[in-house]
Each structure stands twice: as structure tokens, then as C-alpha cells.
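Note that the UniProt record's numbering numbers the sequence shown so that position 42 is 42, with each residue one more than the last.
Simulated from the structure, these hints should not be mistaken for lab results. There could be a bad hint or two in this list.
Straight-line C-alpha distance at most 20 Å; calculated EDC-like pairs for lysine to aspartate or glutamate [as the list claims (entries may be wrong)]:
no. : residue 1 : residue 2
1   : 67        : 156
2   : 67        : 160
3   : 128       : 117
4   : 184       : 156
Between beta-carbon pairs, the in silico distance windows are [to be verified]:
no. : residue 1 : residue 2 : range
5   : 164       : 111       : 13 to 23 Å
6   : 84        : 173       : 41 to 51 Å
7   : 136       : 167       : 36 to 46 Å
8   : 121       : 15        : 12 to 22 Å
9   : 39        : 70        : 18 to 28 Å
10  : 167       : 25        : 33 to 43 Å
11  : 17        : 133       : 17 to 27 Å
All C-beta atoms in this analysis are idealised placements derived from N, C-alpha and C, irrespective of residue type, glycine included.
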Amino acid sequence: MLTSLYVEGDTFLHRQRPGAKLALILVLGLALYFTELMAVQAVAMVIAGAIYFSLPMTVREAVYRLKPVLFAIAILALFNAYVLSWPEALVSTFRLLAVVFLAAAVTATTRIADFMETITWALRPAEKLGIVRAADVSLALGLVLRFLPDIFGHYEALREAHAARGIAFRPVRAIGPLIILALKDADAIADAIDARGIRGR
Numbered sequence: 001m002l003t004s005l006y007v008e009g010d011t012f013l014h015r016q017r018p019g020a021k022l023a024l025i026l027v028l029g030l031a032l033y034f035t036e037l038m039a040v041q042a043v044a045m046v047i048a049g050a051i052y053f054s055l056p057m058t059v060r061e062a063v064y065r066l067k068p069v070l071f072a073i074a075i076l077a078l079f080n081a082y083v084l085s086w087p088e089a090l091v092s093t094f095r096l097l098a099v100v101f102l103a104a105a106v107t108a109t110t111r112i113a114d115f116m117e118t119i120t121w122a123l124r125p126a127e128k129l130g131i132v133r134a135a136d137v138s139l140a141l142g143l144v145l146r147f148l149p150d151i152f153g154h155y156e157a158l159r160e161a162h163a164a165r166g167i168a169f170r171p172v173r174a175i176g177p178l179i180i181l182a183l184k185d186a187d188a189i190a191d192a193i194d195a196r197g198i199r200g201r
């Protein structure tokens, strides 16, 4: 069962600063968005995939982490193939996979605390203008990254409960219970945050 998005290791990507890794995702996403060359998208996807699958985890775990996203991309690819030409559908799919693989690699090689510190630093100018509160935004991001594994855990628990009762499990049936469990977790976390005075009034 997935317990954390972070993967312990000492790879090249582990040693890079969080800001540089986030900037890499931004640059790659923009670069791929402004080109329609299939060869470029395919090469980017292969390189990003190689980076992700070279991290210190099994192939099974690597695929498991991305299973919901890959499923969504597969559905989108089929839809694009229906409404667009197949070259356009492939370009779109390769582009999405490249960004997803790189983002997953960055998430797996960056601690949540480092993400939060980087986001807080990046949003300081906006905070001075009164647009956002940098600490609150970074806290929200940190909580999302922290509790994504818990959502995976809830999903697996629901699937195992169906199997134990001999009921055919369909992912669509898990959406309602997952939302309820996520809201309960969010409510408990909000109470804990307010009780400790983490956020300023």
C-alpha cells in the first residue's frame, strides 16, 4: 500500500533544488505546448518516462502510483482519436504523458516540507501585494501531497471490502465513498489546524 509520495534515494533528481525541478516542469510544459511535432513529443515522453522509472522503486509501484492518471489519459486519448485525427490524438497523448512522468518524478524526489518552503518563497511577492497568503497556499499544497496516499489507501480498502463480500467492484462505485472519506479527513485536519493555531487569524 502506498504510504508516501516521496521515495528515498540519492539520484541526480533527488539532489536538485525544488525550485529548479518545478521550473523544469514549467519549461517542459510550455515547450511542448508550443510545438505540434510528434517526434518531439515522443522523445520528451520517452525521456521523462525513463527518468521516472529509473527512480529507486519497482515498476509495479511506479505504475500503481500513476494508475488513476494513466486511466484518465487513456480515456482522453480514445476521445481525442474519435474527434480528432490520429496524429493530433497521439501528439496530445504524448504531451500529457511527458508532463505527467516528469511531475511524478519531481514529486517522488522532493520532500513535502521542501515543496512548501519553495512555494512560500515563490509567493512572497504576491503576499506583499495582498493577493494571497503564501503560508496558507503552501500548507494547502502540502496537505494535498500528504494525504494523496491516504486516498489511495481508502480506495484499496473499498476494493478489498467488495472482494471479501463477493461483490464485483467498479471504480465508479468508489467515487461517493471516497468523497465522503476525504471530506471527513479534511474536516478532522481543519479542526487540528485551528486547535493548534497554525493559521493566523
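Cross-check of the supplied hints:
no.: 1; hint: 67 x 156; verdict: 12 Å, holds
no.: 2; hint: 67 x 160; verdict: 17 Å, holds
no.: 3; hint: 128 x 117; verdict: 17 Å, holds
no.: 4; hint: 184 x 156; verdict: 17 Å, holds
no.: 5; hint: 164 x 111: 13 to 23 Å; verdict: 36 Å, violated
no.: 6; hint: 84 x 173: 41 to 51 Å; verdict: 31 Å, violated
no.: 7; hint: 136 x 167: 36 to 46 Å; verdict: 41 Å, holds
no.: 8; hint: 121 x 15: 12 to 22 Å; verdict: 19 Å, holds
no.: 9; hint: 39 x 70: 18 to 28 Å; verdict: 22 Å, holds
no.: 10; hint: 167 x 25: 33 to 43 Å; verdict: 40 Å, holds
no.: 11; hint: 17 x 133: 17 to 27 Å; verdict: 24 Å, holds
Checked against the numbered hints given earlier, the structure breaks hints 5, 6 and satisfies all the rest.
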